[in-house]
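These protein sequence lines are chains A and B, in that order. Residue numbers for the first sequence follow the working numbering, so the first one is 109 and each next one is one higher. Residue numbers for the second sequence follow the working numbering, so the first one is 109 and each next one is one higher.
I should point out that these hints are in silico values taken from the structure, not numbers from a laboratory. There are no misleading hints in this set.
Not close to chain B: a few residues of chain A, all C-beta gaps over 10 Å, as computed: (1) Arg125; (2) Lys150; (3) Ala157; (4) Phe158; (5) Lys160; (6) Leu194; (7) Ile198; (8) Arg201; (9) Lys216; (10) Lys235; (11) Gly242; (12) Arg259; (13) Gln268.
Subject to a maximum C-alpha distance of 30 Å in a straight line, what follows is the list of computed DSS-like cross-link-like pairs (lysine-lysine): (14) A/Lys253 to B/Lys257; (15) A/Lys129 to A/Lys150; (16) B/Lys253 to B/Lys216; (17) A/Lys258 to B/Lys216; (18) A/Lys216 to B/Lys253; (19) B/Lys216 to A/Lys235; (20) B/Lys129 to A/Lys295; (21) A/Lys216 to B/Lys235; (22) A/Lys257 to B/Lys253; (23) A/Lys129 to B/Lys295; (24) B/Lys258 to A/Lys216; (25) A/Lys257 to A/Lys160; (26) A/Lys216 to B/Lys257; (27) A/Lys129 to A/Lys253; (28) A/Lys129 to A/Lys246; (29) A/Lys295 to B/Lys130; (30) B/Lys216 to A/Lys257; (31) A/Lys258 to B/Lys257; (32) B/Lys257 to B/Lys216; (33) B/Lys253 to B/Lys160; (34) A/Lys253 to B/Lys216.
Footprint (simulated), chain B over chain A, 3 or more residues, beta carbon under 8 Å: (35) 272 to 281; (36) 296 to 303.
Don't be surprised by glycine CBs; every beta carbon is placed ideally from N, CA and C.
One-letter residues, chain by chain:
There are 2 protein chains.
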Amino acid sequence: MKNYAVTIAREHGSGGRMIGKKLAESIGADFYDRELITLTAKQTGLSEAFIKDIEEKKPSSLLYSLYMGNYVPNVYDEAFIVQSNLIRTIAERGPCVIVGRCADYILKDYENCCRIFIHAPTELRAKRIVEEYGEDVKNPVAAVKRWDKKRASYYNFVTQSIWGRAQNYNMTIDSSIGIDETADMIKIYLMNMGLIG
Amino acid sequence: MKNYAVTIAREHGSGGRMIGKKLAESIGADFYDRELITLTAKQTGLSEAFIKDIEEKKPSSLLYSLYMGNYVPNVYDEAFIVQSNLIRTIAERGPCVIVGRCADYILKDYENCCRIFIHAPTELRAKRIVEEYGEDVKNPVAAVKRWDKKRASYYNFVTQSIWGRAQNYNMTIDSSIGIDETADMIKIYLMNMGLIG
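Bound conformation, chain A alone (with noise of 0.2 Å):
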């Protein structure tokens, strides 16, 4: 079997996670998502949820440090690099599907390698972090939007790109048409190109 990665960046309550997982497991790929935080956190001796926070803060602490002139690297970075070698050590040992943390840019020299992005309208979006993630938020729609510009100004900071820009993907999806959907849809990509059977 060929070694391969799928990383899959997404657009909150698009439904991204549930599209990994479907996908990993009717390819026979490792899922990585909160798996990946929790690596992280055991390499680096931090909290759980000191990792996930990262996306959210590091490129405002950065910009703090640096307006205040007294940027240092930090425990954000430090737990970036951690997670990013992590990130590559698994895609170089099997077949995998990695949720989020710009696993598209960290392995952008990886060869076998096919990037997804997921979206989905708004409204959707709203009804389904309230509906099927139980998030108990007073506007559903300002939510989506909050992370949306946190996970765009994390992405854009690190990759000196822009997130959800359809050149830095094999594929960008709008998931509305269904999880089940969606998943088959990416297989069907990583058949044409090669690298799966």
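For chain A, the structure is supplied; the task is to place chain B on it using the hints.
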């Protein structure tokens, strides 16, 4: 049969026209690319060469007029309006595949519309414009980049959005998997949307 439209935005050399044509044949839809230029030329009395150039000229022409402080609706705007109305008429009339011309934006309120963006690695596109399109250019890589810039600039100007931004499309796809394969994937997406059986 349901009435629907597929719009195909495309990087130059990505095979967008060929993919659109294959798709239209496969699903039994009318196909519009240069055909739209001919129709617009007939309705406006302008030459086909002029209409073809709208995608390049409009923004700079407008910006120049604004700069000179003498902007008035001009022949570019008029041709654009005629073309936009034609696109709406075509979409109302029956199943169709429309390549380029900001059709995704012009049909933004059209419910049964599947919006596609096709791209491919620069080197592959540079090779295609020489070997398949027979373009006689000194530097094919520079040529495709120039086209990208023009199309992006035109789209961004007309739509006040970003050309190639995933969220503007149902699906964006790297066509290096092959022309037929890409057309097939769009067909599957249309099935998943319930637009074809």
